[in-house]
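Construct the entire structure; sequences and hints are all you get.
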Amino acid sequence: MDSISAVVLAGGEGSRLRPLTRYRPKPLLPAATTPIIEHVFDQLIEAGVTNITVVVGYKRQRVQSHFGSTYRNIPLTYVTQDNQFGSGHALLAADGTVSGPMLVVNGDQFVESAIIKDVLEAHDDSNAAATLGVLNRMDLDPYGGVVLEDETVTAVVENPDDDRSYRLNAGVYVFESGIFDAIRAAESRAGEQSLTDGIAELLERGESVCGTVSEGVWVDATYPWDLLDVSFELLESGVVDDKRDSPIAETATIHDSAVIREPVVVAPDCEVGAGAVVGPFTCLGENATVGSNAVVERSVIDADTRIGANATVVDCVTGIGVTVGNGSAIPGGPGDVRVGNRIFEGERLGALLSDRVTDRGGSTYVPGAVIGPDVSVEAGATVRGTIAEDTEVRS
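Numbering follows this note's numbering, in which position 108 of the sequence shown is assigned residue number 137; successive positions increment by one, without gaps.
Calculated directly from the structure, the hints in this document are not laboratory data.
Predicted, not measured: the structure shown is a model, and the values here were computed from it.
Built from N, CA and C at the ideal position, the CB exists for glycine as well.
It is possible that some hints are incorrect.
[Unchecked claim] Computed Cβ-Cβ distance ranges for the label pairs, DEER-style:
# : residue 1 : residue 2 : range
1 : 191       : 109       : 31 to 39 Å
2 : 417       : 297       : 31 to 39 Å
3 : 393       : 109       : 39 to 47 Å
The following block contains the structure:
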């Protein structure tokens, strides 16, 4: 394709990542220190995309104000999915703005440009109505499965439970314009219109649907602890190094006696105090501060967060503007984590501290603690379980 148009589906909330998504959509959550969707844009541009349509919905103003009308000189067009009724419904919001062939990706998953290029090349070599990128993964939960015969897709199934040989649907597609009619014609499930139902409708009509297996990097955050894995994968794969000239920003201030254990990424205007230890596998967002003799490892610390002197922070995810007081201890996982009505046992999450949590120091966090936004933790408290927003935790 000489000119490549992409549609980025970024309308969803990311409900299983609550309470981090209370005030911003999942695509704006950090992968390392950069919003997930920004990584998506970077990989699209690397693959040769020349214009991008972004489908926004939940907290759409946050996405639009963050990027504006262009990104790296590539024009951004926004269309709104007023209600979030599935991935197919999201793509329909772009009907009339784009026409085939169009590249379609999710705005809340990191997909390396190698996968995108593989799908574009495979579509160029076919006369297919759709081409899918797939991965050789054993564990498909909670994603979709694709059955391939040679390079022909014979079935697409959400959460497959039969014994057929499936590959993981990477959520990277090239569609011709017929996908819009197929989505509308497909029978919706539970009031939702999904892309996979649209693809199944193409297959029912006898249209050619191709699949290509790729070996590129693909990572997704479904649950809070996954944000750690996504960031660590980007650190290990070198994606962070590709985006930044150095893992430590020039405007960061690191005390001579502090210890930095790679891999890390330290964003602009961070400050690391005397005797502090940061890393390995630690991401400090813009303007984060680590106090003297504090230890921060295997953690994703978002912008404007303050880690107090002598604090210990391990296996932790924070939101924006969090304060961890002097001497507080988040010793790390594994722990049991409640997400909605489910309990996930033995997950490596020391704690999740949402936006503007204020810890006044000397507190201890039981592994798996999930703290909602605007919570105040009194000095010396023990914090466990799920704490609702705007709560005061007393010692």
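Hints versus structure:
no., hint, result
1, 191 x 109: 31 to 39 Å, "holds (37 Å)"
2, 417 x 297: 31 to 39 Å, "holds (33 Å)"
3, 393 x 109: 39 to 47 Å, "holds (45 Å)"
Hint violations for this structure: none, all hints satisfied.
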